[in-house]
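Asker: Quick mapping for you: the protein sequence lines, in order, are chains A and B. When we follow UniProt numbering, the leftmost residue of the first sequence carries the number 1, and every step to the right adds one. When we follow UniProt numbering, the leftmost residue of the second sequence carries the number 1, and every step to the right adds one.
Hints are supplied without guarantee of correctness; some may be wrong.
To be verified - Per the computed footprint, the stretches of chain B lying under chain A, defined by three or more beta-carbons under 8 Å from a beta-carbon of chain A, are:
| no. | region |
| --- | --- |
| 1 | 112-124 |
| 2 | 155-169 |
| 3 | 258-272 |
| 4 | 288-297 |
What the hints assert, rightly or not - Computed, partial: chain B to chain A, Cβ under 8 Å:
| no. | residue |
| --- | --- |
| 5 | Ala94 |
| 6 | Val129 |
| 7 | Asn131 |
| 8 | Asn132 |
| 9 | Tyr133 |
| 10 | Gln178 |
Simulated from the structure, these hints should not be mistaken for lab results. If you're wondering where the values come from, they're calculated on a predicted model, not measured in any experiment. Think of the CB as a built atom: it goes at the ideal place given N, C-alpha and C, for glycine as much as any other residue.
Each chain is listed here by its residues.
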Amino acid sequence: MRAMTAILGLSLGLTALGACKIVPNPEPGGENASAPQSDEDRMAAKAGEIYTAQLVPNVSQKAIDLPTLTTALQGGLDAAGQAHGIRPQAEGSPWNFLVKGQGTVVEANRKSRGATMAVDVTGDKQADVTIQLGPVIKGTALRDAADFIVFTDYRDQIEFAKLARALNDRAHQAVQLPEGDLTGKTFRFEGATTLRSATDPVLVVPTLLQEATP
Amino acid sequence: MKLTRRLMISALGLAMTVAMPSFAAAEGTIAIITPSHDNPFFKAEAVGAEARAKELGYDTVVMVHDDDPNKQLELFNTAIGQGVKAIILDNAGADATVAAVQAAKDAGIPSFLIDREIKESGIAVSQIVSNNYQGAQLGAEEFVKLMGEAGKYAELLGREADTNAGIRSSGYHDIIDQYPDMEMVAQQTANWSQTEAYTVMETILQANPDIKGVISGNDTMAMGAWAALEAAGRTDVIVVGFDGSNDVRDSIKAGGIKATVLQPAYRQAQLAVEQADAYLKNGSTGVDEKQLMDCILINAENADKLETFALAE
Numbered sequence: 001m002r003a004m005t006a007i008l009g010l011s012l013g014l015t016a017l018g019a020c021k022i023v024p025n026p027e028p029g030g031e032n033a034s035a036p037q038s039d040e041d042r043m044a045a046k047a048g049e050i051y052t053a054q055l056v057p058n059v060s061q062k063a064i065d066l067p068t069l070t071t072a073l074q075g076g077l078d079a080a081g082q083a084h085g086i087r088p089q090a091e092g093s094p095w096n097f098l099v100k101g102q103g104t105v106v107e108a109n110r111k112s113r114g115a116t117m118a119v120d121v122t123g124d125k126q127a128d129v130t131i132q133l134g135p136v137i138k139g140t141a142l143r144d145a146a147d148f149i150v151f152t153d154y155r156d157q158i159e160f161a162k163l164a165r166a167l168n169d170r171a172h173q174a175v176q177l178p179e180g181d182l183t184g185k186t187f188r189f190e191g192a193t194t195l196r197s198a199t200d201p202v203l204v205v206p207t208l209l210q211e212a213t214p
Numbered sequence: 001m002k003l004t005r006r007l008m009i010s011a012l013g014l015a016m017t018v019a020m021p022s023f024a025a026a027e028g029t030i031a032i033i034t035p036s037h038d039n040p041f042f043k044a045e046a047v048g049a050e051a052r053a054k055e056l057g058y059d060t061v062v063m064v065h066d067d068d069p070n071k072q073l074e075l076f077n078t079a080i081g082q083g084v085k086a087i088i089l090d091n092a093g094a095d096a097t098v099a100a101v102q103a104a105k106d107a108g109i110p111s112f113l114i115d116r117e118i119k120e121s122g123i124a125v126s127q128i129v130s131n132n133y134q135g136a137q138l139g140a141e142e143f144v145k146l147m148g149e150a151g152k153y154a155e156l157l158g159r160e161a162d163t164n165a166g167i168r169s170s171g172y173h174d175i176i177d178q179y180p181d182m183e184m185v186a187q188q189t190a191n192w193s194q195t196e197a198y199t200v201m202e203t204i205l206q207a208n209p210d211i212k213g214v215i216s217g218n219d220t221m222a223m224g225a226w227a228a229l230e231a232a233g234r235t236d237v238i239v240v241g242f243d244g245s246n247d248v249r250d251s252i253k254a255g256g257i258k259a260t261v262l263q264p265a266y267r268q269a270q271l272a273v274e275q276a277d278a279y280l281k282n283g284s285t286g287v288d289e290k291q292l293m294d295c296i297l298i299n300a301e302n303a304d305k306l307e308t309f310a311l312a313e
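So here's chain B without its partners, still in its complex pose:
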């Protein structure tokens, strides 16, 4: 099983080398491991990391763990067996990932984490994460402004087990709860899912036909909620999301969803590769292990500049 996987990965690596002979592996190979590329956010990470690695003269091997810590550990073992120079990782769990990153460290392979933290420091070389708290506050400030500081609203929460769900919600409420005329009439999870958000929104709408706004823990749920609102002829409802996806950008440009918050996923992945390169060449990245990157508000004013989780200058 493990052998087959290893062979498959090697074959993949070989195929890439053959397909792109101009990027000879002068500097060795960097492994890029993320959740499934079905979510364009994670795809943007992989694409960003891969592009930067090639520019810096590395070969890459791109793998997905599907948010399964066991699979992630297998991928780490594969990468270790292959003797990659460094691992770029969007991890499969703050607790469960510690062992995998430690195994790589023990084998002399440094890991550079993006997007999400692990619950220990001193094992990975870098942990570059989006400042979800700051981003949520930005989104909430825009939401309150759009609502005219008053009215009934609903909140869609992400998957409860995911720390980002909690921190975004608390960032939202740190701002919204300062406005006594903002009244939350429903707060439900839709588990980051577009289809679930559609159903949840339908139910909320039936119970609260006078709802004025919806603030959502991510963009896929915002898209689901918007679809339900459109189906019910309630395009007057103000929807704000989080992530900065192209789908929500298009909705903003079409006058649908009003705002979202960009996590600079593409840049974050590139930065992780740059830090890996610096570490491999100089033995140090020159910066702290854990780095919080600020998020950016996206609304009708700057939606044009947003493409694949990056904002053009």
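This is chain A alone, in the form it adopts within the complex:
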């Protein structure tokens, strides 16, 4: 039904604009419909619209404790996915998980553009999870772990990829860390991860990262 309305709106738009090149899939409300924006700008706007309002609370509500995931993975990725994961309906899609936890930084790499920190959650001094700090944040976990973001609603995979990038950028912007060495500090985190196998390292895009008292 929503799709039908969208098509109707789109065909009306096409008729009205004649030979103009119009960009389909305008934002609800359509305040930007007439402004020629790049895909990147539109998806940045879309990310701004949904990140704080929908995505962060969605992670908070649904995240499972990291050890719950680790234990579930011992029974295989598919079993863990069916119990706790989210994945798009396309065949061959990897599982995505929303996780949370608290732990101590055992290693941090802040020099790289793709900065990360490895965190020990179980207290055995071994890293259980790696948290991406950016500015370059890899993957599409934030987008794909949100069941309210559906590919069909986007014009094409370019737009969809740019949305994932824009969400990652938001996540990076929200990261606020103390200066200097992070090793030994304790953090509480929530975020999303994509796993292609049960033995993949858990690489989390954080939606919440707070220094905590151990």
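Position chain B relative to chain A; hints supplied.
Answerer: Here is chain B on its own, set in the frame of chain A:
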């Protein structure tokens, strides 16, 4: 003109029925429309769709639009006139195809798209596309690793009008640009063409004799570039492609090109037929219209398992 074409297609359909009497059209006919089979990628799609359709009890009619939207529209009209049950399509243009798919929908014929999207949803029943962005990132990660995270490289771009050219390039750069010691010395289009890639590679090589790697937007250009590098005695240059063709597989096995990224074209076509079958029988495919299928990295470790755009288990 239209009549002649229609007759030809009917004759083709008839010939197929006669030639393969065991596949009686109990379920009706599925039309399979793709670009020219000169490119083995599109041939694999047609073969995959046809095989699955026959297994499920359908007759098939296989047609090619040669990337010409007008021809594609004619083929759609032919299929509509024939009263096919469903259309499996690798389309001839994201904008131009909308009208053809709409015409089929208006005639009560559902379309199932593979490989490439159209710029509207709600007209086709399924759009199953390769995740080019994810695939490009895989290819780039392998490229960076092979390059030892440093050195001069060139990028061969696909045809500018094709959205896949842009998205693969941006997927490549999302990864490569994170490595400050990776230096792009040339970025040129070779329009997906093997012969053009050969010439472009020769020129790049003259201007940059110290080049260490080439990342290419598809396999045919990778083959062209590799041929030029071989001719120049520069088989030390690292080449990575995209598509997962048998040609590049053979080159990988022979120690030539180092890696490519498989788009599961064969499976995608089969899946489209399965969804068509489900839709015809139940009125629904049970899945979202638009589906992104992940690509798979192919290198020396798994090249053996690759055959006609499908990876054996």
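Asker: For every hint, state whether the structure bears it out.
Answerer: The hints, checked one at a time:
1. 112-124: Our answer is that it holds, as 6 residues pass the Cβ test (under 8 Å) against chain A, meeting three.
2. 155-169: holds (count 3)
3. 258-272: holds (count 3)
4. 288-297: holds (count 7)
5. Ala94: Holds - the Cβ of Ala94 of chain B comes within 8 Å of chain A, reaching about 7 Å at its closest.
6. Val129: 6 Å, holds
7. Asn131: 7 Å, holds
8. Asn132: 6 Å, holds
9. Tyr133: Because about 4 Å separates Tyr133 of chain B from the closest Cβ in chain A, which is inside the 8 Å limit, the hint holds.
10. Gln178: 5 Å, holds
Figure legend: structure checked against the earlier numbered hints; every hint is met.
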